[in-house]
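Quick note, the sequences are listed as chains A and B, same order. For the first sequence, position 5 matches number 5 in my numbering, and the numbering has no gaps at all. For the second sequence, position 318 matches number 318 in my numbering, and the numbering has no gaps at all.
Everything labelled a hint here was simulated from the structure, so no lab data went into it. These figures come from a predicted structure and were not determined experimentally. Note that beta-carbon positions come from the ideal geometry of N, C-alpha and C, so glycine has one too. No false leads were slipped in.
Derived contacts from chain B toward chain A, CB cut-off under 7 Å, selection only:
| # | residue |
| --- | --- |
| 1 | R247 |
| 2 | V248 |
| 3 | T260 |
| 4 | G261 |
| 5 | P262 |
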Amino acid sequence: MAKVTRRGFLTSAGAAAGAVALGAAAAGPTLIAAAADAGSPVALSDEPVVAYVRNPKAGEVRLMVGHREVAVKDRALVQRIVSAAG
Amino acid sequence: MSSHREAPAISQDPVADNTDTYAFVSPDDPSTLTIISNYIPGEAPAGGPNFYEFGEEVRYEINIDNDGDADDDYSFQFTFETKIANDSTFLYNTGPITSIGSANWNRKQFYDVTLVREGGESQELGEDLACPPCNIGPRSTPNYDRLADSAVHDLGGGVKVFAGQRADPFFVDLGSIFDLAALRPIEGLHQIPIPGNTAGVNSLRNANVHTIALQIPITMVTKGHVTPGVMDAAATLGIYASASRRRVTVSEDDGEREGTGPWQQVSRLGNPLFNEVLVPMAKKDLWNAVDPSSDSQFLAGVQHPELQGLLVALYPTAFPNLAAFSGARGDLVAVFLTGIPPGIVSGFQNFTGNTLADLLRLNVAVPPTANPNPLGLVAGDAAGWPNGRRLVDDIITIELRAVAGLTLPLVTKYNVDAAVPAVTDGLTIANSGARYLDHFPYVGLPHDGFHTPLH
Numbered sequence: 001m002a003k004v005t006r007r008g009f010l011t012s013a014g015a016a017a018g019a020v021a022l023g024a025a026a027a028g029p030t031l032i033a034a035a036a037d038a039g040s041p042v043a044l045s046d047e048p049v050v051a052y053v054r055n056p057k058a059g060e061v062r063l064m065v066g067h068r069e070v071a072v073k074d075r076a077l078v079q080r081i082v083s084a085a086g
Numbered sequence: 001m002s003s004h005r006e007a008p009a010i011s012q013d014p015v016a017d018n019t020d021t022y023a024f025v026s027p028d029d030p031s032t033l034t035i036i037s038n039y040i041p042g043e044a045p046a047g048g049p050n051f052y053e054f055g056e057e058v059r060y061e062i063n064i065d066n067d068g069d070a071d072d073d074y075s076f077q078f079t080f081e082t083k084i085a086n087d088s089t090f091l092y093n094t095g096p097i098t099s100i101g102s103a104n105w106n107r108k109q110f111y112d113v114t115l116v117r118e119g120g121e122s123q124e125l126g127e128d129l130a131c132p133p134c135n136i137g138p139r140s141t142p143n144y145d146r147l148a149d150s151a152v153h154d155l156g157g158g159v160k161v162f163a164g165q166r167a168d169p170f171f172v173d174l175g176s177i178f179d180l181a182a183l184r185p186i187e188g189l190h191q192i193p194i195p196g197n198t199a200g201v202n203s204l205r206n207a208n209v210h211t212i213a214l215q216i217p218i219t220m221v222t223k224g225h226v227t228p229g230v231m232d233a234a235a236t237l238g239i240y241a242s243a244s245r246r247r248v249t250v251s252e253d254d255g256e257r258e259g260t261g262p263w264q265q266v267s268r269l270g271n272p273l274f275n276e277v278l279v280p281m282a283k284k285d286l287w288n289a290v291d292p293s294s295d296s297q298f299l300a301g302v303q304h305p306e307l308q309g310l311l312v313a314l315y316p317t318a319f320p321n322l323a324a325f326s327g328a329r330g331d332l333v334a335v336f337l338t339g340i341p342p343g344i345v346s347g348f349q350n351f352t353g354n355t356l357a358d359l360l361r362l363n364v365a366v367p368p369t370a371n372p373n374p375l376g377l378v379a380g381d382a383a384g385w386p387n388g389r390r391l392v393d394d395i396i397t398i399e400l401r402a403v404a405g406l407t408l409p410l411v412t413k414y415n416v417d418a419a420v421p422a423v424t425d426g427l428t429i430a431n432s433g434a435r436y437l438d439h440f441p442y443v444g445l446p447h448d449g450f451h452t453p454l455h
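Chain A on its own, in the form it takes in the complex (with noise of 0.2 Å):
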């Protein structure tokens, strides 16, 4: 198995639907499963992209892509990435 660096998972991150970093003052690179479904494709770029849950109850990630920062409600999606984080 290929070693797992912090770039490269931003990179595949970026690269697969559904695929999230947690935010960035979690410690360590950590690769998660892709969500289940990830809806209709979409175009894929090389940006990396994070996601920030600032307080899990709220059921709110934030993407930070570019220079852009999309909040999305989706209790679910959140449950999933607090769940991969253990």
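Since the structure of chain A is already known, use the hints to place chain B on it.
Quick look at chain B alone, frame taken from chain A:
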């Protein structure tokens, strides 16, 4: 200091730390306005091997409001890139740097300048503009003045820019002031007198900073692009500088750092000492993160400044009238948050309306003074702070005296305490150690590391 390391978070992020912002009608070209914002507090001139430079992951901005709503009508954005010419050497330079394009200079910085107007329309004003090197010493950077001059860029349309190392023009007796608000010239009045030298000591005498200087035609940014009269509302611009970082920074396992997400402001500066003195420590980081348009939340610290109480307590016999005054400081609210309305100072105003915002307000119709009085407006020189801010303005003395009650009679019946004219940290422009220029970018050349190895 003015805004050097003034808040807990930004004190740990020097390249984004805005130390001072200045804005004045250019003395050698009064049809233009010059704005200077300095970063990186307390640079030791001997900065090797990794000499000081702007942050590549920082967006620096000079912001101008021209209609009194405290929102940016114009933002001049500066972003930097570092280029290493020779990846086999540990040296900043491998020989004398005799020109800005010298092959001996291994680590150069370049920057882009973008103008963003309210509404988001952006225009690139300059690309890949060279910074000068730091002033290392006579062997590495001979003829530094010529080297630095070559980093002044004319972008056309009357716009000039400079970005690079300079001598810190601010002067303050930091060691005394933050030792329980001691002022050496009147230390005998302090509750804990320490007899000794009563002359001020400039803590920044040999320090450098990194300067971003911008000169633009006044009519480029006035509302309606007019040339206003002094009493016209369009005459006053609200100005502040800021620095932002990406919302997320990832420290990579190859030593690189990658920023992602939108820009988040981490430092700002309008009036000198606002965040340092008028905002409680627990809110200083918040203040740096928010825009001036939300400054009403900091009003209480201006109306009832903590420093006022400290002066009364620490100099128990010096300020009896100030001790008896318990009202809100409307004078300080005008100076810092709204500008001075018409009718307060004869023939002058820099009022921007009732929106409370810490902005450096400059009435651009007030011409430059041939022989500036460092005490500015309170000494009758309307071309100085708090009408904009010049390099020579003695901010510490002006603000200390203002808080001590000097400006209270502008808004209410009040007898200024006899001790107020003696309130000063004992420094004047002569103590600054900086050599001011009579032309753009005005801030003096940086101290070199060979001749000024220590602070």
